[in-house]
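The listed protein sequences correspond, in order, to chains A and B. Read in our numbering, the first sequence has 303 at position 303, and its numbers run on one by one without any break. Read in our numbering, the second sequence has 352 at position 352, and its numbers run on one by one without any break.
It is worth saying that the hints were derived from the structure and are not from the lab. The model shown is predicted, which means the values in this text are computed figures rather than measured ones. Please note that a few of the clues may not be correct.
Heads up, the list lumps identical chains together, so a pair's fine if it works in one copy or across two of them.
[Claimed, not checked] Straight-line Cα separation of at most 25 Å, DSS-like style, residue types lysine-lysine; simulated pairs:
id, residue 1, residue 2
1, Lys387, Lys21
2, Lys387, Lys2
3, Lys376, Lys272
4, Lys2, Lys112
5, Lys448, Lys469
6, Lys2, Lys376
7, Lys411, Lys484
8, Lys43, Lys499
9, Lys290, Lys401
10, Lys21, Lys448
One-letter residues, chain by chain:
Protein chains: 2
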Amino acid sequence: MKSTIMDYNLSIHNVFWRAEKLYPDSQIVSRVHEGKVRYTYSKFSERVRRLSEYLREQGVDSSSVVGTIAWNTHRHLELYFSVPLLGGVLHTINVRFHPSEMEYVINFAGDKLVFYDVDVEEVKKVRAEKSKFVRLDDEFDREVNSHPPLDYFPEVDEREGAVMCFTSGTTGHPKGVVYSHRSIFIHSLSLLAKEIVGISSQDIVMPVVPMFHISAWDVPFASLMTGAKLVLPGPRPGPDHLASLIREEGVTVAIGAPTVWINLLDYLRREKIDLPSLKVVVTGGAEPPKGLIKGLRELGIRTYHAWGMTETEAITTVNQSENIEELSRQGKVMPGIEVKIVDPSGNEIPWDGKSWGELVIRGAWVTGEYFNSPEKTRDSFLTLEGKRWFRTGDVVVLDPKGSIKVVDRAKDLIKSGGEWISSVDLENAIMTYEPVLEAAVVGVPDLKWGERPVALVVLRQEYRGKVGKEDVLKYLESMNRFPKWWLPDEVIFVDSIPKTSTGKLDKKVLRTTIKGRMRA
Amino acid sequence: MKSTIMDYNLSIHNVFWRAEKLYPDSQIVSRVHEGKVRYTYSKFSERVRRLSEYLREQGVDSSSVVGTIAWNTHRHLELYFSVPLLGGVLHTINVRFHPSEMEYVINFAGDKLVFYDVDVEEVKKVRAEKSKFVRLDDEFDREVNSHPPLDYFPEVDEREGAVMCFTSGTTGHPKGVVYSHRSIFIHSLSLLAKEIVGISSQDIVMPVVPMFHISAWDVPFASLMTGAKLVLPGPRPGPDHLASLIREEGVTVAIGAPTVWINLLDYLRREKIDLPSLKVVVTGGAEPPKGLIKGLRELGIRTYHAWGMTETEAITTVNQSENIEELSRQGKVMPGIEVKIVDPSGNEIPWDGKSWGELVIRGAWVTGEYFNSPEKTRDSFLTLEGKRWFRTGDVVVLDPKGSIKVVDRAKDLIKSGGEWISSVDLENAIMTYEPVLEAAVVGVPDLKWGERPVALVVLRQEYRGKVGKEDVLKYLESMNRFPKWWLPDEVIFVDSIPKTSTGKLDKKVLRTTIKGRMRA
Chain A
1 MKSTIMDYNL
11 SIHNVFWRAE
21 KLYPDSQIVS
31 RVHEGKVRYT
41 YSKFSERVRR
51 LSEYLREQGV
61 DSSSVVGTIA
71 WNTHRHLELY
81 FSVPLLGGVL
91 HTINVRFHPS
101 EMEYVINFAG
111 DKLVFYDVDV
121 EEVKKVRAEK
131 SKFVRLDDEF
141 DREVNSHPPL
151 DYFPEVDERE
161 GAVMCFTSGT
171 TGHPKGVVYS
181 HRSIFIHSLS
191 LLAKEIVGIS
201 SQDIVMPVVP
211 MFHISAWDVP
221 FASLMTGAKL
231 VLPGPRPGPD
241 HLASLIREEG
251 VTVAIGAPTV
261 WINLLDYLRR
271 EKIDLPSLKV
281 VVTGGAEPPK
291 GLIKGLRELG
301 IRTYHAWGMT
311 ETEAITTVNQ
321 SENIEELSRQ
331 GKVMPGIEVK
341 IVDPSGNEIP
351 WDGKSWGELV
361 IRGAWVTGEY
371 FNSPEKTRDS
381 FLTLEGKRWF
391 RTGDVVVLDP
401 KGSIKVVDRA
411 KDLIKSGGEW
421 ISSVDLENAI
431 MTYEPVLEAA
441 VVGVPDLKWG
451 ERPVALVVLR
461 QEYRGKVGKE
471 DVLKYLESMN
481 RFPKWWLPDE
491 VIFVDSIPKT
501 STGKLDKKVL
511 RTTIKGRMRA
Chain B
1 MKSTIMDYNL
11 SIHNVFWRAE
21 KLYPDSQIVS
31 RVHEGKVRYT
41 YSKFSERVRR
51 LSEYLREQGV
61 DSSSVVGTIA
71 WNTHRHLELY
81 FSVPLLGGVL
91 HTINVRFHPS
101 EMEYVINFAG
111 DKLVFYDVDV
121 EEVKKVRAEK
131 SKFVRLDDEF
141 DREVNSHPPL
151 DYFPEVDERE
161 GAVMCFTSGT
171 TGHPKGVVYS
181 HRSIFIHSLS
191 LLAKEIVGIS
201 SQDIVMPVVP
211 MFHISAWDVP
221 FASLMTGAKL
231 VLPGPRPGPD
241 HLASLIREEG
251 VTVAIGAPTV
261 WINLLDYLRR
271 EKIDLPSLKV
281 VVTGGAEPPK
291 GLIKGLRELG
301 IRTYHAWGMT
311 ETEAITTVNQ
321 SENIEELSRQ
331 GKVMPGIEVK
341 IVDPSGNEIP
351 WDGKSWGELV
361 IRGAWVTGEY
371 FNSPEKTRDS
381 FLTLEGKRWF
391 RTGDVVVLDP
401 KGSIKVVDRA
411 KDLIKSGGEW
421 ISSVDLENAI
431 MTYEPVLEAA
441 VVGVPDLKWG
451 ERPVALVVLR
461 QEYRGKVGKE
471 DVLKYLESMN
481 RFPKWWLPDE
491 VIFVDSIPKT
501 STGKLDKKVL
511 RTTIKGRMRA
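Build out the structure end to end from the sequences listed, making use of the hints.
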């Protein structure tokens, strides 16, 4: 029997209606090149309406894709709303992409317009004849403000695209996914749940996760949905910028990758600064090191551990455990998401807390395909019990109650003497060693064993030159956690560890670096 | 551009998957006629699977409607899941319906089976030849347990019906609405938001709102979605039962109409009992009297004020304000809901904190029609800007930020000398008078003025015979809140105030009572 409930589109239109009508006085603070901009949701809504009229004049409609190469700023936020409100798709482009990658995604997505931040020099090298490039600056502001506010937005079906994002492809071209109004709405609503992030109108929220990638975990949408004060940290935010913003604006919840908080914590210690307003740091993209969790805790800040990827729009698990061991797990999936683990042949593996397998996932904000890429799509999905599951490429263990523990990326596992070694496990162990700031472990080819683990280590300033390979290996041995053959053959000390354009350890570059260093 | 996100049904299947797989050890406690039953989600899931096999054997499938006339018990909860999991519609029937109403809705909905609680004597008088009646007792339990657990549930489209409910029609036949899997999922997810109810796995939740009406605000679904311990208070729960359950089970959040909490508070005071575990009472169906809010606060319990109706599935606003004046408002609508106010011609009225108008509403869990009743549907909806809005029949004022204040039901407003008097305002004012336990105000026909207000008052035991009409009127005057002509012409003292089958003041019966009393 059909229900009698009306068809109501779960869309960004409802989020905008709430921001404009229910929370006109809530604030948005944006760090930009010129300084700090502060305005109310009311003023923001007016700007969105003017920008929409400007975009409409430029020919943007429900068939358009509009690109952005921009930092977390109020101008970017306005585009986050205007484009989807008009029924178009906002294509966020990674600021750290190589010009050739920018060129590829702009042409592949068919961007009609591309808005770029003033410091994105790479744009000059991009050839995209069909796209008009617009610089986000004062002149742009004046142009927008000269337009009357658009007073009517078209109704958009909830399954239409709203935001498009490409993976930071380590092999081949980046792959695209298009999030829908519906998926953004449901995921944003989920972020308000107490056991997810629990964003409320009383919060002051700072997404350090970039708006140019996986829509900053939908945090901007979730914040405006519930009237929270939103603090956008702008271009290339360093630990000094973040600390100032948190203190000046009273940030209560901040969201970003572990490396952001590692650097911030280091800065706070050096400068002897505390952050009394900050209650929660939500981190994802990699397991938060225990030293980081403890360091934040000493400042009165709780760490939430989240997990997700480009193909799952944003996050699908959050672990809020107070227990530091338990917090190393990614945790249980959010409502609207389902998971299984499978072996390489696609057979289900039990949730026994021991068996490794690839995590497969389906749900209300999981992609069902790659944009215009049937071949890539074919390799990344499997069918179980008549349903489609996305293959995450993450090797995990599930405990009997479904709490996920990521062992490693399938392609980063190290196969030594026919047995698997988890690079993630070793990295996390090395990072619990007091002198270590950051660490990465990769497998290098070995004639006898197939592959052997090698560690790259960044020491804290005060320990540089004072700690050697043997100290690290002795520390690992003293943990009594790993079999002897897991211990790295080499420990290479470096000044920093290369990251991908989305802030993750770039293991491809790492392997090359190591090859060079070991030969030398 | 279509999004690439997969089609994933938001359904009770996902809630069940979570309960069974992610929270096997969470508890359900159920007060039944035989005593208290306690089991885990794991055991619950097994029972649901056995019950589903039993239902399947009885011919229940995706075309079936299955009725229940039952209290808040574990058996009812199992039916809440089994029937929708099979794709059928669970038709919850009001235990307090007159046999003729039961008969009407059972036949009108076409119930294949009707499960009823042992104490529902009215069932014997119901004639419904096409329905098979099954008593929820030990024998039923044995029958269910003799069936093997069903291991596969069909995929159900999210817009299919899951739960059906009829209004307690004060004029004419009850009107039916059918909630969808989707609406139940989204509304349940909303209940986890910090600023809605904020249910979490750490909570112990007791829905006193009946499962036989508007699916107990979806609280059973929301609780199982997040692994909360669920306490079901069973048949005809009195204040003594509620107090015992809260103390014994450590209830942290309880949900019910104001009258439930008025009686509980009265009982707690008389018996000198406190409820240390209880943090929050969520109340709806009527404005919570200030005395109630204060009384609960003295016990360390916060009051959340919610608003909704059968046609909006459950609740659409929650006000958590700490300010007692502000808390009398219904508050802002939840994400996924939109409201306007209109005059009798359907023109929009401004949100100025002064202008009265009828609240119209649309959203993800608002009905778009009445079940099989085109005529009733026609009168209850209007179209504004090309969109359908449900006419709530509530006269409200909206402040400039969209916070709703219900003035009265349109049909309960009193028109005196061409001006409107709010019966709700007067009731709430009288209920702030210390000697008053409950009060109701209705309009009675008056030759000179058209209508005049008359109050019915229940005094606290200790004040009976000691407080008279003049005391009440003097108190109202001393408030300096109402013009003289608003004051009731009569104050009639009664032992109790008649309620509808859903626990609201029954103003139809009240008017008849008053007519009798005033003639006498």
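Item to complete: Would you pick out the hints that fail for this structure and give their numbers low to high?
Response: 3, 8, 10
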